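Asker: To convert a position in the sequence shown, counted from 1, into the working numbering, add 18.
These are calculated hints, taken from the structure and not from any lab test.
Computed from a predicted structure; not experimentally measured.
A hint or two may mislead.
To be verified - Beta-carbon label-pair distances, calculated as ranges:
hint, residue 1, residue 2, range
1, Leu26, Gln50, 24 to 32 Å
2, Thr84, Trp47, 15 to 23 Å
3, Val80, Phe43, 15 to 23 Å
4, Lys92, His30, 44 to 52 Å
5, Ser69, Ser25, 12 to 20 Å
6, Ile76, Val32, 23 to 31 Å
7, Arg88, Met33, 38 to 46 Å
A virtual CB, placed ideally from N, CA and C, is assigned to each residue, including glycine.
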Amino acid sequence: MNKLHYSLSEIHPVMLVMLALLLLFQGTWMFQDARSRGRFPWLWGLWGITSVPGPLMIYWLVVIRTDRKRHRRK
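Build the full structure now, drawing on both the sequences and the hints.
Answerer: Next up, the structure:
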């Protein structure tokens, strides 16, 4: 059977570094984009570094998609 839980010693260090960089990039991008839109940048940035890709998809639905709809109506 597949093992669903791994300890940190079982995961290759390169994969951990790649995951850390991905989380940092995602959180930074979400922070900067939310700041440019005036939409709670610290909330989105901090939440963006917690997991991938859940916060990014919800950010897209809540912030980016609603902003696009708002601009189309004008």
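Asker: Hints first: check each against the structure and report whether it holds.
Answerer: Checked hints:
1. Leu26 to Gln50: 24 to 32 Å: holds, 30 Å
2. Thr84 to Trp47: 15 to 23 Å: This hint holds: roughly 18 Å between Cβ atoms.
3. Val80 to Phe43: 15 to 23 Å: holds, 20 Å
4. Lys92 to His30: 44 to 52 Å: Given a distance of about 50 Å, which is inside 44 to 52 Å, the answer is holds.
5. Ser69 to Ser25: 12 to 20 Å: Given about 19 Å between the Cβ atoms, the range holds.
6. Ile76 to Val32: 23 to 31 Å: holds, 29 Å
7. Arg88 to Met33: 38 to 46 Å: Holds, since Arg88 and Met33 (Cβ atoms, about 40 Å apart) stay within the stated range.
Of the numbered hints stated above, none is contradicted by the structure.
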